[in-house]
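Undergrad: Could you build all of it, start to finish, from the sequences and the hints given here?
Protein chains: 2
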Amino acid sequence: MTDTTIRTNFANRGPVQPTDGAASVLRPGTRGRITSGLWRDSRSTNAVVSIPDGWDRLVEAGNIHNLELAAGTTTGDYRNDLPFMDSDLYKWLEAVGCLLGGNDPDSQTRERLMAHIDKSVAVLGAAQEDDGYLNSYAQVIRPDRRWLHLDWGHEHYSAGHLIQAAVAVARGTGRTDLLDIACRLADRIDADFGTGPGKIDGVDGHPEIEMALVELYRVTGEQRYLELARYFVDRRGHGLLAVARYTDRNFGSMYWQDHTPVREATEVGGHAVRQLYLLSGAVDIYAETGDKSLLEAAERLWEEMVATKTYLTGGVGAHHLDESFGDQYELPNERAYTETCAAIASVMLSWRLLLATGKARYADLIERTLYNGLLAGVSLSGDKYLYVNPLQRRDGHALPDGGDMRAERTPWFRCACCPPNVMRTLASLEHYVLAVDDTSVVLAQYISGNFEARIAAGPVRLAVATGLPWNGAVTITVNGPAGDPWTLVLRVPAWSPQARVTVNGSAVSDQPQDGWLRITRDWHLGDVVTLELDMAVRVVTADPRVDTARGAVALERGPLVYCLEGVDQPAGFRLDDVVLDPAQPIAVHERPDLLGGVVVLSARGRLRPGGSASGWWPYRSADTSTQLGPEVELVAVPYYAWANREPGAMRVWIPTI
Amino acid sequence: MTDTTIRTNFANRGPVQPTDGAASVLRPGTRGRITSGLWRDSRSTNAVVSIPDGWDRLVEAGNIHNLELAAGTTTGDYRNDLPFMDSDLYKWLEAVGCLLGGNDPDSQTRERLMAHIDKSVAVLGAAQEDDGYLNSYAQVIRPDRRWLHLDWGHEHYSAGHLIQAAVAVARGTGRTDLLDIACRLADRIDADFGTGPGKIDGVDGHPEIEMALVELYRVTGEQRYLELARYFVDRRGHGLLAVARYTDRNFGSMYWQDHTPVREATEVGGHAVRQLYLLSGAVDIYAETGDKSLLEAAERLWEEMVATKTYLTGGVGAHHLDESFGDQYELPNERAYTETCAAIASVMLSWRLLLATGKARYADLIERTLYNGLLAGVSLSGDKYLYVNPLQRRDGHALPDGGDMRAERTPWFRCACCPPNVMRTLASLEHYVLAVDDTSVVLAQYISGNFEARIAAGPVRLAVATGLPWNGAVTITVNGPAGDPWTLVLRVPAWSPQARVTVNGSAVSDQPQDGWLRITRDWHLGDVVTLELDMAVRVVTADPRVDTARGAVALERGPLVYCLEGVDQPAGFRLDDVVLDPAQPIAVHERPDLLGGVVVLSARGRLRPGGSASGWWPYRSADTSTQLGPEVELVAVPYYAWANREPGAMRVWIPTI
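Top to bottom, those sequences are chains F and Z.
Using the working numbering, the first residue of the first sequence is number 1, and each one after it goes up by one.
Using the working numbering, the first residue of the second sequence is number 658, and each one after it goes up by one.
Because the hints were derived from the structure by calculation, they are not lab data.
Backbone N, C-alpha and C define an ideal beta-carbon position, used for all residues, glycine too.
Be aware that one or more of the hints could be misleading.
If we take Cβ atoms under 7 angstroms as the criterion, some of the chain Z residues that face chain F in the derived model are [what the hints assert, rightly or not]: (1) D905; (2) F908; (3) L969; (4) E987; (5) L1056; (6) G1059; (7) A1193; (8) V1194; (9) V1196; (10) Y1276; (11) A1279.
TA: Here it is as structure tokens:
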């Protein structure tokens, strides 16, 4: 795959119309259906519980009411007082669009969701101003301040989500009424912003519209949208948000991603989701324009982020305050913010970089983030969410009762960005499985299902069956164009130091290169490829500069990060007192009865005696000997499944000293 | 000192009128003058630079202007938009009162400061309403909302600081005009708050007035003030701030210290300064009423805080968000908030508990906190401050440019609570040196100077000369009542496992008990006591539950915590890459040229190779061997002196693995 660039115009979460290809606006590109396993279960819960419930939560929280206020069809107070309320609905609509584009929902659910789209389109259409402007918060709360609170107003941000929703709904259902509303708003923004006379030279405090405008360009072919996206990326980092008339909140230019131009940045910083949405938009513009300076910046920043500011789970964004990245190697575990939306944003960026460059590392990080940082963000029941995703929770953790975000599964949040973000990601998960170039089909993720793609020689269908993440067997039945050789490219995950591959029962001698195993041959209908990945338990340490993981290890198996939860350990001991003995073997047990069916790990350790060994002061001479208590068995469960039982202690990093 | 209770009515920062004693309102209790050494230098800078400059900062920041607005003597906007602006002035006035009560300032400075008091009294008198109410923010910004934003209004909080300032000014200068204003406001609060008919049953969102009212009771003898203080302590923790009409901000009841009654609390939590001011007030009430349930609660919470939530420096309050305590053993180093005000509040509580119980541990923590957590809060030059006091700063630390607090020395802050708090503490430092009971003089802190106290047999004067914190020699020349034996009580610090003591050259055979060495004898004029403390370098570790210090050590010597600063290390290496070898000897060097004159420590270590050893992903198999680089010399300086040169990396905890 080196030196091969996968067609970059798939750089989105949905089936996309190639800009260099055929004429129809809504022709699907790749499609697929996930048929079994952990992801099927998660997606099914998403379709049956999360998304249908989501509408009720939106109604309860006032998102619809607020738009009705803007439409003048109801009266009362604006609910919840956040300027991005509309975007919750938009992300939810995007999830619905993706869901209806797949095969999962039954007809009753489809009917119900279509009715919600009807209702949404009606209220959005009524709320939209004659000149195309649409943002219920600004319309209701400060109609005289349009485009004047650029830093905190979220006007472009919400517009971006409307555009993404409209594209997904159009692709999923064929209806274009929402797209018409989105285009009118995009046209308004295009008319009002830019460097020309009478235009506002400004950017929004929350990047997002850049990605959306590129997508809108792809589906409409309107070059203006691409140019506008490029303008927004180019103008960011020049202090436009420091102009007094556009300043509402004192978060600082780094928070807004306005501290340095994208192309000049040397490290990720500020609000994590803003940073990653911005870089995703930059890669989208590279994909359409070939502007390599944007790709170089995005790859450079991704490398810096992954090497120094990414948790083992793939989560990013260390600080609670400002939801921001910390310094390099500053990765607090119990105070990890690692917003669920930031994990999603990381997947969005990695997906674009995978398509732009063909490098397997991006697919590796996507896999890690999906299985751990992101999947932990929704409960197994599908009706509760985590906004913050710490890697440790103390015995006796005091849940905050004020403005601080609780690491506790919650049905909905006042700032409800994460739940519909999870919904749209799970509803479009099949699109991360395959990528293609003219002569290759790249299997980037191993998920059981039937997937389709089109290469130059014709359509390819792959039936994938795998026991992942519980066992490492993958079977791929190939159905593709015969006659000309083409290449099936299999990812050999970084976590699997060895992988045995066969085609129709014969071992493949090709060696993986840079994370990819390429099998080029004349494929015949029903050819069977098998892959056996290494599922040995891995005991891992962090870079020694990560102070918070010093003298500790974490357990991994396959794509999963594991954690200890208090509830699985013998009664009466505190996780804070656990010391793991990494020299002892770690056992693997299937537990179909537990947490929806998981594999647990069983390790040996010892307990520190309770209480302080040094009287009232907790610090003591370094040569004080430590007496450990009795040996204990420690049971670890997948991190994604934590906090689905009674609240209690949890830790990913387990001390060994 | 076991079972001996030092007279508890000294539970304040200034010389106090014993409530059970003589009649004069302003008779001094203990007095003293600090004559040489580190503390003399700090206090001199405080008197010559910090306090005089402070007035200019207050004028610049608008604190005086805001009061003039309330007085109607000027026009314009309320400056800085924080409801506690008045309290900055009050704390500064308290510092001035303490300063003028001592011998430090020259006559020109005295005159200038007296003029500032004149100006302050004039504007406060003009601003005060006819009914006694005084709070410029409420008067100017929301005159119709008096006592209606109890959670965030800081009305009682500011009143408390006014009272403390008035008491200090009265004691220091003899003038009572400020005290009259304070009493009128206290009377207003007393009339408006309580459980009687027509009264407001409520508490302020920021404890502080409790301490102040007890002090006002002590100087005025008005029982009402003590009763009001007790009412405020008793009613806290009953959800009074959750009453909608008193709710302005969504910080949560723990932030306001309204989540649980003081007597029922089992651990410290919420906003650190609020927690510690509340407990200080509770101990004051115990001191005057003998209500042991309050003392028991305060001691229990102090123990929990010190054992599980206190940094090596004595700093407390782990979280940036809400300036709050974290969980037990949650002590992030680089993200330590450890507000300077919280260190001061800890000293205030420990001082009260020392007086209430006579236990040496409270004096030990005061010493540690003064020398480290607190003294770091002001620059050596006296004109810049740290609000947050981290124990680590990364190479390449990105200073926030928005709402997050920077760990950078700053002339003043928008929220300027810390600078005048440092000023009043340094200006009253001599009062922490001595405590007495009827037959004993307790030397709680070793600071060079001349100190006076009164015991039943008569006045005692001690001339103390010490090389601390640089060497461990202490010489005490005693001048006290002859005829009857009395007891000189010397603290043997927890950090000094041995202490050699002589009286007039003869070794004392008494052994210290619970941290005190008691020498009872007929003292004669000019008797000389010497004490030699153990100044060996200490290599210390944290309780193993403190994850952020695992596999690391810190260096201490005498009362000082040391740190590595990048600027002292050889060029070209990053502190993040340092590994200390604790088996090698640590050298001690006097550096009179450095940082105002310090002793530095020189240790040996190695450097990790730069960059990641594992490619793009920073986590790797636990059995990967680590290659360390060349041996290096590491130079450590006292923590209090950090960040006084060019900005750079710093760390207290140094990895050993």
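Undergrad: Give a verdict on every hint.
TA: So, going through the hints one by one against the coordinates:
Annotation: interface hint on D905 (chain Z) violated; nearest CB of chain F at approximately 12 angstroms, more than 7 angstroms. Proximity of F908 (chain Z) to chain F holds as hinted, the smallest CB-CB distance being about 4 angstroms (cut-off 7 angstroms). Nearest Cβ of chain F to the Cβ of L969 (chain Z): about 6 angstroms, under the 7 angstroms cut. The hint holds. With a cut of 7 angstroms, the hint placing E987 (chain Z) at the interface with chain F holds, because the nearest CB-to-CB distance is about 5 angstroms.
Below 7 angstroms, beta-carbon pairs count as interface contacts, and L1056 (chain Z) has none with chain F, the closest being about 9 angstroms; its hint is therefore violated. Below 7 angstroms, beta-carbon pairs count as interface contacts, and G1059 (chain Z) has one with chain F at about 2 angstroms; its hint therefore holds. Proximity of A1193 (chain Z) to chain F is violated relative to the hint, the smallest CB-CB distance being about 10 angstroms (cut-off 7 angstroms). Here the hint on V1194 (chain Z) is broken, as its CB sits about 11 angstroms from the closest CB of chain F, past 7 angstroms.
Among the interface hints, the one on V1196 (chain Z) holds; its C-beta lies about 4 angstroms from the nearest C-beta in chain F, closer than the 7 angstroms criterion. Because the beta carbon of Y1276 (chain Z) sits about 5 angstroms from the nearest beta carbon in chain F, less than 7 angstroms, this interface hint is met. Restraint check, A1279 (chain Z) versus chain F: the minimum CB separation of about 4 angstroms is within 7 angstroms; hint holds.
Of the numbered hints given earlier, the model fails hints 1, 5, 7, 8; all others are met.
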